[in-house]
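Undergrad: Below are the chains, spelled out letter by letter.
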Amino acid sequence: MFDPFDILGLEKTYTLDLQVLEKAYFEAQKLTHPDRFALADEPKKREASRKASLVNQAYTLLKNPLTRAAFLLEDRGVSLLAYDLKFLHKVIEWHERHKEGENITLELVHEEEKLYGELERGLEKYDHEKARKALYRLNYVQKVRTNALTAC
Amino acid sequence: MPLQLVEPGQFPDRHEASQGVVVGIDLGTTHSVVAYVHNNVPTVLEIEGGLLIPSILSVAEDGFCIGKKLRESLSSTKRLMGRGVEDAICLQFPQLMSGRDIRLKLGAHTLTPVEVASYILSYIRSGVEKKLRAPLEAAVITVPAYFDEAARVATKQAAAIAGIKVLRLINEPTAAALAYGLESGAEGIYAIYDLGGGTFDLSLLKLQKGVFQVLATGGDLNLGGDDIDHVFAAFLKTKDISYARILKENLSHKEDYEGVSRKDLETIAQHFVNKTLEISKEVLKDASLNSEDLEGVVLVGGMTRMPLIRQEVEAFFGKAPLRDVDPDLAVALGAALSAHGLTYGAETLLLDVTPLSLGLETLGGLVEKIIPRNTPLPALASQEFTTHQDGQDGMVIHVVQGEREFVQDCRSLARFELQGLPPLPAGIARVRVDFALDVEGLLTVSALEKTTGLSQYIEVRPSYSFDEKTLSTILLESQKYGREDMEKRFTMEKTLYLRNG
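So the sequence lines, in the order shown, correspond to chains H and W.
Okay, so the first sequence: first residue is -16 according to the numbering used here, each after it adds one.
Okay, so the second sequence: first residue is 15 according to the numbering used here, each after it adds one.
Fair warning: there could be bad hints in the mix.
To be verified - Take a look, some chain W residues computed to stay more than 10 angstroms from chain H by CB distance:
no., residue
1, E86
2, A200
3, E263
4, R319
5, A329
6, L336
7, L374
8, G378
9, T389
10, L394
11, D407
12, V410
13, L438
Claimed, not checked - Mimicking DSS-like on lysine-lysine, the simulated pairs with C-alpha atoms at most 30 angstroms apart in a straight line are:
no., chain 1, residue 1, chain 2, residue 2
14, W, K277, W, K223
15, H, K46, W, K119
16, W, K299, H, K82
17, H, K73, H, K28
18, H, K46, W, K268
19, H, K126, W, K220
20, W, K253, W, K223
21, W, K299, H, K6
22, H, K27, W, K289
23, H, K28, W, K383
24, W, K289, W, K223
25, H, K82, W, K383
26, W, K277, H, K6
27, W, K289, H, K69
28, W, K251, W, K268
Because the hints were derived from the structure by calculation, they are not lab data.
Using N, Cα and C, we set each Cβ at its ideal position, and we do this for glycine too.
Can you make the complete structure from the sequences, with help from the hints?
TA: Structure below.
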C-alpha cells in the first residue's frame, strides 16, 4: 500500500510543518533520484526512477492539505463518497453571482478558512463525518475559487 | 567562482585527458556552446577560435561546413525539431521540400532537422576532442523547458547519429540556474527568463543548500528572436532575415543604425515582449507566488541583451535583472556542471517538473488529468479501467497532452488498443494502466489486466506534433476558456448525477 507518510518517514498526522516536509522530501530524493544513478545499469536506473516517482507522489500528496486529509480519511477506512445537495446549490449560486460580475473572492476565502478549521478538528477528534463533509465542500470551494481568479 | 576560458594552446593535464571528457552542450537555435568542468571550474571551450558556434550548416567546396554562413546554408533548424510539415513554423524555411516529413534542401543534399543537428554535434565533438586531446565520453544536452516529447526524442536521435552518449537532457533554464546558483551561492526563489532565438521559457526555481527545485515552468515554442527578425525584416522591406538580425543586434547598443532607430525595432518587439510577460504572469500564478516572493530574476538567451527587454522585465518583476553570468554562456556552463555531477557525483540535486498536463480521454470527450503540469519528475500515475460490454476483448486508451477540459482541444499524444482481454461480463475485467514520465520528460505507458495478468508494454511516441498555433496558445487558451470549460463540466456532472441519483 502506498503510504506517503511512511515513504518520507513522517508521523501520520494532519498538521504538518511544510519545512519539515520539504526537508524529508529533499533527503529522500538525494538517495533515490535517478540522477544519482546516471552511470548505473538499466534495471538500477528504472528502480531509481520508480522510487523517485513515489517520493515525488508522496511529497505532492502531503503538500496539499486536501489530498493529505483525503489520504488520512481513507487510511482510517472512511469512504470519501459524499453528496450534499444543499451545498451544491450554494456552489451554483456562487457561479451565477460570479458570472454576473460580483466579486465573491473574499466570501470564498472566509468559507475556506471555516472549512479548513472543521476539517482539522474533525480529523483530530476522529469525527470523520465532520471531516468528510468539510473535505467535500472544500474541494468545491477550491474549484470555484480557482475559476473566479482565472476569469478576472 | 570566476569564469575561466581555455586559452589556445592550454590543455588539461594528461591524467584527466586520458580518461575521456564529459561536456555540457547548449544546442541553440542561433548558436551552440560547449563547456566542461576543468579543475572544478565550469569552462567554455573555444572551438576554432569562438565561444559561440553559429548553428549554421553550409555547403563548402569539400563538403559541409559548420559555423559559417556561405552562399547556401541552413540555420535555426532547431525550430523544426520534432515538428511536422503541417506546422506553420515551416513557413520560415524557404528550403523546405515537399513531402510527408520535414526535409530541407542544401545544395545537392536533402537533410532532416535531426541530421542538421547531428552535423553540428559532430562538429562540436571533433572540436572538443581536438582541443582536449581526449575522446568525448558523454554529454548533457540542453533543451527548452517547453520542448515537447517529439522534440526531446529528436534531440537524442541527433546525438546518437553524432556518436555522442547522452547522459541526460536537461532544461535550459534549469541549467542556467545551476550555473548561476553555484557561482553566486544564491538562495531563495529565482525566476529564469530565457528568451533565445527560437523559444521563450520562464521557470521559477527554489535554490537552497544545493537543491535546485523547479516550482513551475511555462513557455512558448514559437516565440524567439527569430520571430522578431522576421517581422523586422518585413518592416524593413527586405527578404534578408540575417540583415534584419544584424540590425537588431546593433540597435541593442546604438540608438540609430543604418538609418533605422531603436524606437522602430522596439515598436515591433513590444508585442513579443508582452507575450513573454503574459506567460510569466501565468507561471507565477501556477506557483501561487507574487513577484515580491522572488529573490531575483536571471536573464538567459541572447535576446535579453535588448534594452527594452531588460526594462520591461525589471518593471514587471519589480527588481533589476541579474547579470552575473553571460546570458549566452550560462546554459552551457550549467550543462557542464550537470555532466560533471552525473559522472563524478555531486551534492547538487536538480528537481524538475513536466511543463504540460497529461490526461486520458473519458466518457463524453472529457479529459481526465492524470499528471497535471508542474508535477515533479519522474512521475507515475495509474488508472483502472473496466469493460462496458459482455465479452469485450479490447479497449482503446487515448493519452492527450494539454490544459483544456475537452479532448478535441488537447493534443493527442498516443492512442493504443489493449487487445486480447479475457472474455468476461461487462465491468468485471480490471485493467490497470501505468503512465511513467522519466526525468527527461519522456513517457512510457504500460497496461495490465489484473484478473489474468495480461500485460502490454508500450513506449509512447507522439503521433503528431502540435502545430504552431496550438502550441503557442495552448496555455493561454486554457486560462481563457477555463471558466467556460468548468461550467460545461459542471453541467455535465450535474446531469449525470440527476440521472443516476
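Undergrad: Against this structure, judge whether each hint is valid.
TA: Here's how the hints hold up against the structure:
Once the 10 angstroms rule is applied to beta carbons, W:E86 is consistent with being away from chain H; the minimum gap is 40 angstroms. At roughly 17 angstroms, the least C-beta separation between W:A200 and chain H is larger than 10 angstroms, which holds for a residue marked as non-interface. Distance check on W:E263: its Cβ is at least 37 angstroms (rounded) from any Cβ of chain H, clearing the 10 angstroms threshold; non-interface status holds. Separation of W:R319 from chain H is adequate, the least Cβ-Cβ distance of about 32 angstroms exceeding the 10 angstroms criterion.
Look at W:A329: its CB is around 22 angstroms from the nearest CB on chain H, clear of 10 angstroms, so calling it non-interface holds up. The beta carbon of W:L336 is kept farther than 10 angstroms from every beta carbon of chain H, the shortest such distance being approximately 24 angstroms. With a minimum CB-CB distance of about 18 angstroms to chain H, W:L374 clears the 10 angstroms threshold, and the non-interface call stands. Consistency note on W:G378: stated as away from chain H, and its beta-carbon is indeed over 10 angstroms from all of that chain's, at 18 angstroms minimum.
Not every Cβ of chain H is farther than 10 angstroms from the Cβ of W:T389; the closest lies at roughly 7 angstroms, contradicting the non-interface assignment. With 10 angstroms as the threshold on Cβ separation, the claim that W:L394 sits away from chain H is violated: the shortest Cβ distance comes to roughly 4 angstroms. With 10 angstroms as the threshold on Cβ separation, the claim that W:D407 sits away from chain H holds: the shortest Cβ distance comes to roughly 30 angstroms. Distance check on W:V410: its Cβ is at least 26 angstroms (rounded) from any Cβ of chain H, clearing the 10 angstroms threshold; non-interface status holds.
For W:L438, the non-interface assignment is confirmed: its Cβ lies about 26 angstroms from the closest Cβ of chain H, beyond the 10 angstroms cut-off. Between W:K277 and W:K223, the direct Cα distance comes to roughly 44 angstroms. Violation of the 30 angstroms bound is thereby established for this hinted pair. Annotation: proposed proximity of H:K46 to W:K119 is violated, straight-line Cα distance about 52 angstroms (limit 30 angstroms). Simply put, W:K299 and H:K82 have alpha-carbon atoms about 21 angstroms apart, close enough for the 30 angstroms limit, and the pair holds.
Taking the CA atoms of H:K73 and H:K28, the gap is about 50 angstroms. The hint is violated against a cut of 30 angstroms. Between H:K46 and W:K268 the alpha-carbon distance is near 50 angstroms, which puts this suggested pair outside the 30 angstroms criterion. Restraint check: the Cα-Cα separation between H:K126 and W:K220 comes to about 27 angstroms, which is no more than 30 angstroms; the hinted pair holds. At roughly 51 angstroms between alpha-carbon atoms, W:K253 and W:K223 are farther apart than 30 angstroms, so this suggested pair is violated.
At roughly 24 angstroms between alpha-carbon atoms, W:K299 and H:K6 fall within 30 angstroms of each other, so this suggested pair holds. Under the criterion of a C-alpha separation no larger than 30 angstroms, the hint pairing H:K27 with W:K289 is inconsistent with the structure, at around 43 angstroms. Our distance criterion of 30 angstroms between C-alpha atoms is met by H:K28 and W:K383, whose separation comes to about 27 angstroms. With a C-alpha separation of about 33 angstroms, the suggested pairing of W:K289 with W:K223 is violated against the 30 angstroms cut-off.
Pair hint H:K82 plus W:K383 holds up; C-alpha atoms about 26 angstroms apart against a cutoff of 30 angstroms. Taking the CA atoms of W:K277 and H:K6, the gap is about 50 angstroms. The hint is violated against a cut of 30 angstroms. As the CA atoms of W:K289 and H:K69 are separated by approximately 43 angstroms, the hinted pair breaks the 30 angstroms bound. Only pairs whose Cα atoms come within 30 angstroms are accepted, and W:K251 paired with W:K268 is accepted, the gap being roughly 21 angstroms.
Comparing the model with each numbered hint stated earlier shows that hints 9, 10, 14, 15, 17, 18, 20, 22, 24, 26, 27 do not hold.
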